[in-house]
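Peer 1: With chain A held as given, fit chain B onto it using these hints.
If you want the building blocks of each chain, they are given just below.
Number of protein chains: 2
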Amino acid sequence: MAQKPSIPKGTRDFNPEQVAKRQYIFKTIQTVFETYGFQPIETPSFENSETLMGKYGDEGDRLIFKILNSGDYLSKVDEDLYAEKNSTKITSSISEKALRYDLTVPFARYVVQHQNEIEFPFKRYQMQPVWRADRPQKGRFREFNQCDADVVGSKSLWQEVEFVQLYDAVFTALKLEGVTIKINNRKILSGIAEVIGAKDKLIDFTVALDKLDKIGEEKVKEEMLGKGIPQSGIDKLQPLFTLSGTFEVQIQSLKSILSTSEEGLKGVEELEFINTGIETLGLKTAALQLDVTLARGLNYYTGAIFEVAAPDGVSMGSIGGGGRYDDLTGIFGLKDVSGVGISFGLDRIYLVLEELELFPEAVNKNVKVLFINFGDAEALYSLKAIQKLRAAGINAELYPDAAKMKKQMNHANKRAIPFVVLVGEEEVKSEVFTLKNMAEGTQDKLNFDALLDAVK
Amino acid sequence: MAQKPSIPKGTRDFNPEQVAKRQYIFKTIQTVFETYGFQPIETPSFENSETLMGKYGDEGDRLIFKILNSGDYLSKVDEDLYAEKNSTKITSSISEKALRYDLTVPFARYVVQHQNEIEFPFKRYQMQPVWRADRPQKGRFREFNQCDADVVGSKSLWQEVEFVQLYDAVFTALKLEGVTIKINNRKILSGIAEVIGAKDKLIDFTVALDKLDKIGEEKVKEEMLGKGIPQSGIDKLQPLFTLSGTFEVQIQSLKSILSTSEEGLKGVEELEFINTGIETLGLKTAALQLDVTLARGLNYYTGAIFEVAAPDGVSMGSIGGGGRYDDLTGIFGLKDVSGVGISFGLDRIYLVLEELELFPEAVNKNVKVLFINFGDAEALYSLKAIQKLRAAGINAELYPDAAKMKKQMNHANKRAIPFVVLVGEEEVKSEVFTLKNMAEGTQDKLNFDALLDAVK
Chain A
1 MAQKPSIPKG TRDFNPEQVA KRQYIFKTIQ TVFETYGFQP IETPSFENSE TLMGKYGDEG
61 DRLIFKILNS GDYLSKVDED LYAEKNSTKI TSSISEKALR YDLTVPFARY VVQHQNEIEF
121 PFKRYQMQPV WRADRPQKGR FREFNQCDAD VVGSKSLWQE VEFVQLYDAV FTALKLEGVT
181 IKINNRKILS GIAEVIGAKD KLIDFTVALD KLDKIGEEKV KEEMLGKGIP QSGIDKLQPL
241 FTLSGTFEVQ IQSLKSILST SEEGLKGVEE LEFINTGIET LGLKTAALQL DVTLARGLNY
301 YTGAIFEVAA PDGVSMGSIG GGGRYDDLTG IFGLKDVSGV GISFGLDRIY LVLEELELFP
361 EAVNKNVKVL FINFGDAEAL YSLKAIQKLR AAGINAELYP DAAKMKKQMN HANKRAIPFV
421 VLVGEEEVKS EVFTLKNMAE GTQDKLNFDA LLDAVK
Chain B
1 MAQKPSIPKG TRDFNPEQVA KRQYIFKTIQ TVFETYGFQP IETPSFENSE TLMGKYGDEG
61 DRLIFKILNS GDYLSKVDED LYAEKNSTKI TSSISEKALR YDLTVPFARY VVQHQNEIEF
121 PFKRYQMQPV WRADRPQKGR FREFNQCDAD VVGSKSLWQE VEFVQLYDAV FTALKLEGVT
181 IKINNRKILS GIAEVIGAKD KLIDFTVALD KLDKIGEEKV KEEMLGKGIP QSGIDKLQPL
241 FTLSGTFEVQ IQSLKSILST SEEGLKGVEE LEFINTGIET LGLKTAALQL DVTLARGLNY
301 YTGAIFEVAA PDGVSMGSIG GGGRYDDLTG IFGLKDVSGV GISFGLDRIY LVLEELELFP
361 EAVNKNVKVL FINFGDAEAL YSLKAIQKLR AAGINAELYP DAAKMKKQMN HANKRAIPFV
421 VLVGEEEVKS EVFTLKNMAE GTQDKLNFDA LLDAVK
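Line by line, the protein sequences are chains A and B.
For the first sequence, full-length UniProt numbering assigns the number 1 to the initial residue and increments by one for each residue that follows.
For the second sequence, full-length UniProt numbering assigns the number 1 to the initial residue and increments by one for each residue that follows.
Here chain A stands alone, though its shape is the one from the complex:
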């Protein structure tokens, strides 16, 4: 094979530095998840196709990676079906498993399958890869990781309060200060649609409203008119386009806009509860902001809707999102299990931390001490010291070959190893170590205890 090997488009290799940085983010999120009482589960990479198909809409079904059955899979395909040569129709006959598309549906499946072992309310987190046959582009991959935390089995709004705190805790721990946690409520959107006389056009209405930031007030109104929302309704919306002030002030405006909608007022009340809680408890570095244009995953969420925006000045889509869904497990036959959850966008958080240079310097668990190899006797003497350094938790290694000194020093340089130990015949005889500090260029003869102190 003369050609250099490659990997499928939309997938990535991660080198040691990248893995270390990703693990740093995972570990930070995981630690916060655990202090908040979430516990980890893991589900298989592939599920039975019927578990996934039909759960993400037609587009989702197309983007799910299907796994070919093993063995003589064609022998089980009906002759007439085969003769049609129709990819869509034949798929379910030659593929019965598919790769996980997100973590939510497998979680719902898990809850239903294990309902008798689970003690509700159940707070779980899950950090695993998912796969989507999407067209790859900048920041969009065919294999990427999701980090989700959800609670199922309680409708308490304290959970929404805690999720806002949790977002704040994670981004504070990552030193990513100044993120905005946007919040909305599906009931407010429904209430508005009701008030403006477009209850049946909720989706058209929110799709248009969602574009307010991008296309501006006039174009949004045009789009609404085009979708058949009456001018009188749009007029009633006017206060919405200029909603401003503190969270509490906006709440009061919404109360007046929605005064005739029971559902809308319920949504406002929920938002107010969450905001009051957060006002009292305080946030460390994030800000909570009401965003009545927020409508992500509309068909799915039934209460609170969350989205997290990177700090001002960083151009990046949302770095987290989530919300309340009142019937997560209904698709698998378990009714009336309310859930609320949030997700972290690992790849985008990575890019933001990179851009703002927020990764800790020591994130890469690089080797700290390299022992130069001058031959077998010296190597064995060195390995005795290395053994003790490792037992003290210090990443240390011996250059495996008695190569030229220059080659070995170059190796230490290229790998940015901070300390090099030189052990020649003389050092072995006098039981010392020559320690070279690569950054400072200094060199000292030390006994083992002094060496350990120096590299610690």
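Among these hints, one or two may not hold up.
As the list makes no split between identical chains, a pair holds if one copy fits it or if it spans any two.
Calculated cross-link-like contacts (lysine to any residue; reagent style SDA-like; alpha-carbon spacing at most 25 Å) [what the hints assert, rightly or not]: (1) K21 with P418; (2) K55 with N69; (3) K414 with F374; (4) K219 with G317; (5) K4 with D148; (6) K9 with V77; (7) K406 with G153; (8) K404 with Q443; (9) K21 with E79; (10) K414 with T31; (11) K429 with S338; (12) K456 with R415; (13) K221 with D235.
Hints are computed from structural coordinates only; laboratory data are not their basis.
Peer 2: Leaving out everything else, chain B in the frame of chain A:
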């Protein structure tokens, strides 16, 4: 959907306790890998099919999970080929990607693809799932994790010495004392085949020899005869069947058996080097044992061969293995890159630790403190304390609903939460917390600082 959902055979859901135990093993191995100077890489879950196919033999090719192409994949299949309806022939036309089958071939691909960015010798570790369409059975899954450490780019035998130390360090850290690290050398097997005049029958010979423990000396000899190995050769083997004594004594016997084989003597010399190093450096809890019947992965290894056996009394196959392979990357066009590596069998190690009850009690990062919810005012007061506990690294949570006291206490019991805090109207007024120690059944009224001390 009335039927309870399920997962594909050979795959597993992991509940919080299982995930915590698995993470404990991963984390222990990872920490040791890093102190030994290994650095992590990750590769995509699926590779281009041509990267994997043909690398694991015909049986391996069959066991690789193939991913169906997206879109109208049948439209690209040639009419004549389609008409044949032959699964084997059609696969490469409808599937161009496949799930990782092990970590070694993707690593070889990685090294070749990134050879210009890599500083050799390159010490990498990798802990990721792999997939095999094997018939599932006890302890054999279709999705399982591998944990590999390899060095490429040096032929130094010090690396073999360090891998023996590394096995010892990991199993000592896991408190799994008394494992046996078996070692052999491919060159010794070749040497023996040469000496007994069956050089062309190396594989038949080692396959038979490998069964010595299971079927006994006589049957092994019968099998060798049956495979055309001459009686005179088998006679020369006699000392091999009764090889015993210390490592050093066995080495001396081998030297005499192999006195006429240059390759065999080279193998003995390598073993002796490794054993001398280990004798000098010492092992903490494991034992190194020469096992001349060890022949795993024969077509692959060219020098040292390792296998780790669980402590006596635990019936379990090998819990680790590895060896030296002199041409890992040749399959991808990069010649003369020697590698040596080892692997840990996570699932089997898990079962052994479970059987011997070696998992630490605190492995499950369970919630430590549950605050009973008596209503919104009390809940808010509780959340202020919970916030401070979490900041101190203590896993704490509020029961989300103001449910009946009994229900909330049952919840704490079922989840084995060690501390429960009761905050009623009175506690809020006097700014105290009633702490109940669930194991001891004791109850105390404490201020926050005393509460923090008590649950720490």
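Peer 1: Checked against the structure, which of the hints given earlier come out wrong?
Peer 2: Hints 9, 11 not satisfied by this model.
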